[in-house]
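**Q** Numbers given in the working numbering equal positions in the sequence shown, counted from 1, plus 66.
Hints are computed from structural coordinates only; laboratory data are not their basis.
Among the clues, some could well be false.
Unchecked claim - Between beta-carbon pairs, the in silico distance windows are:
#1 A99 - A75: 49 to 55 Å
#2 P129 - Q155: 55 to 61 Å
#3 D71 - L110: 45 to 51 Å
#4 K109 - D73: 51 to 57 Å
#5 R160 - A112: 57 to 63 Å
#6 P125 - Q154: 42 to 48 Å
Glycine included, each C-beta is placed from N, C-alpha and C at the ideal position.
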Amino acid sequence: MTKEDRDRAQARLDKQTRAAQDARSGKADRDSASKAVLDNMAKLKALRLAREAAEPPRPAAAPKRAAAKSKKSSGEKAPALTDWLASQQSGGRRT
Numbered sequence: 067m068t069k070e071d072r073d074r075a076q077a078r079l080d081k082q083t084r085a086a087q088d089a090r091s092g093k094a095d096r097d098s099a100s101k102a103v104l105d106n107m108a109k110l111k112a113l114r115l116a117r118e119a120a121e122p123p124r125p126a127a128a129p130k131r132a133a134a135k136s137k138k139s140s141g142e143k144a145p146a147l148t149d150w151l152a153s154q155q156s157g158g159r160r161t
């Protein structure tokens, strides 16, 4: 093995070592960032629960009607199709 071969092998080893160290430090950075996010979420949840516990209970809302009243009374008829199309065209719509 020549000196040049040893130098290449050493450079390859140094590169692999550096990559492994970077990966470990990157993982540590990601872990610390995710821990900070989780800690912040836990703190905010605790604050929200404390605020909700301190508030007086809200009265229950009345249930909404499933079927809303129609705008048209049962005696009214819808406009004829030709009238409706004419109003759409006069309003600038292309039909």
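**Q** Now look at each hint and say whether the structure bears it out.
**A** Here's how the hints hold up against the structure:
{"no.": "1", "hint": "A99 - A75: 49 to 55 Å", "verdict": "violated (36 Å)"}
{"no.": "2", "hint": "P129 - Q155: 55 to 61 Å", "verdict": "violated (43 Å)"}
{"no.": "3", "hint": "D71 - L110: 45 to 51 Å", "verdict": "violated (59 Å)"}
{"no.": "4", "hint": "K109 - D73: 51 to 57 Å", "verdict": "holds (54 Å)"}
{"no.": "5", "hint": "R160 - A112: 57 to 63 Å", "verdict": "holds (58 Å)"}
{"no.": "6", "hint": "P125 - Q154: 42 to 48 Å", "verdict": "holds (46 Å)"}
In the structure shown, a violation is registered for the earlier hints numbered 1, 2 and 3, in ascending order.
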